[in-house]
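Heads up: the protein sequence lines correspond to chains A and B, in order.
Going by our numbering, the first residue of the first sequence is number 1, and it counts up by one from there.
Going by our numbering, the first residue of the second sequence is number 1, and it counts up by one from there.
Careful, some of the hints might be misleading.
Straight-line C-alpha distance at most 20 Å; calculated PhoX-like pairs for lysine-lysine [claimed, not checked]:
id, chain 1, residue 1, chain 2, residue 2
1, A, Lys146, B, Lys10
2, B, Lys10, A, Lys202
3, B, Lys171, A, Lys202
4, A, Lys202, A, Lys146
5, B, Lys10, B, Lys171
Not close to chain A: a few residues of chain B, all C-beta gaps over 10 Å, as computed [claimed, not checked]:
id, residue
6, Ser15
7, Thr21
8, Thr30
9, Ala43
10, Ala57
11, Ser60
12, Thr99
13, Asn109
14, Ser113
15, Ala128
16, Thr129
17, Gln134
18, Ser141
Hint data in this document are derived by calculation from the structure and do not stem from the laboratory.
Think of the CB as a built atom: it goes at the ideal place given N, C-alpha and C, for glycine as much as any other residue.
The chain contents come next:
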Amino acid sequence: MAITSIKTGSSFTNLKKYNDFLAGNTAFDPSNYVSISTVTVGSGGSSSVTFSSIPSTYTHLQIRGITRVTYGSASVTGWGTTQFNSDTAANYSYHAMYGNSGSTTGATATASTSAMLGFAEIGGTSVTNCFAVSVMDILDYTNTNKYKTLRILGGAEGNITDSWLYLGSGSWRSTNAITSITLTNGSGTFTQYSSFALYGIK
Amino acid sequence: MPTTYKLISKVTVSSATSSITFSSIPSTYTDLLVKVSPRFSSASANKTLVMRFNSDASTSNYKNKRLQSYGTGVSSSVEEGYNGGYISEVNAGSNTANTFSNVEIYIPNYAGSNNKFFSVDSAMENNATTAYAQLLINLWSNTAAITSITLVEQSSDNFVQYSTARLYGIKNS
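One chain only, chain A, in its complex shape (with noise of 0.2 Å):
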């Protein structure tokens, strides 16, 4: 139905003209830290988790996770692996500082090998409801010209002597576009809970 007019004393009379079509609303200005997709681990476990079909429309990716794993004991187990577009050849590289339990440094590094770090790691029976957490920064993941590079700052605790903190790095030496990114836990298998938020970064 069309309005062909408005006549005095409707409820269209009186009312604040503006001369723009904000009408006093702010500009809608979108972040460039968008949600891409989220992954939560159910009830039976998982012992991967797969982001696919990564769209391209981002400069940079982050994926921010909490991690439990299952484990006969109580343990911080360290970290899981990382491996993009289902590449299961020795094409990666990683690097990691840590230190462990309070009063141990130390770092790794490995060439040539099927997959990179991962998420950190905790489990067992007498850490109830801790997770390790991680974030996850790969850069230029569309870029063509570059090998890509992943930083990660990851740590757990869980109340118990066994403690992990790392700064670690990983290299895909391709240089496809990421479509996908498979997180595989080191120990045992992902819990109930357990998540992954992968974001585009503008």
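Go by the hints and put chain B onto chain A.
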């Protein structure tokens, strides 16, 4: 909904260049975040990335503490006396080809009137034992608002093509 994470400016190196500068940085954000994917051109195993605020290339105004791993060794140190604030070791010509470092610099309260602190997380990957992971806390002893940021190599080496840097503004509300 307020925009709390916003791209302010971006640089993609199209041909070798000795510096990357973000100028006229607006004061309307709370913090700044710089994400850098750099590589330098010289035939070295690694080169040193340095950052200057407001064109201050003083060797004495920037202080820091660094924790790093190189290969399988871990160490802590002070990295001062550079012509700017020390940021990180970065891939260069002798490293695995096509490999760029992954560097993040966080600068809180950049427009305030206190001295400026900033943190650095960086990774220099290489398909060999030799690679760097570095964490730093830095101080710029200056109370001026930060209006420009310049990234250079300590000995004036060039960023190679495809190096990138992006400056983001982050608001607390």
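For each hint, the structure was consulted:
no.	hint	verdict
1	A:Lys146 with B:Lys10	holds (18 Å)
2	B:Lys10 with A:Lys202	holds (10 Å)
3	B:Lys171 with A:Lys202	holds (16 Å)
4	A:Lys202 with A:Lys146	holds (18 Å)
5	B:Lys10 with B:Lys171	holds (18 Å)
6	Ser15	holds (13 Å)
7	Thr21	holds (19 Å)
8	Thr30	holds (14 Å)
9	Ala43	holds (19 Å)
10	Ala57	holds (27 Å)
11	Ser60	holds (28 Å)
12	Thr99	violated (5 Å)
13	Asn109	holds (20 Å)
14	Ser113	holds (27 Å)
15	Ala128	violated (5 Å)
16	Thr129	violated (4 Å)
17	Gln134	violated (8 Å)
18	Ser141	holds (26 Å)
Going through the hint list in order, the structure does not satisfy hints 12, 15, 16, 17.
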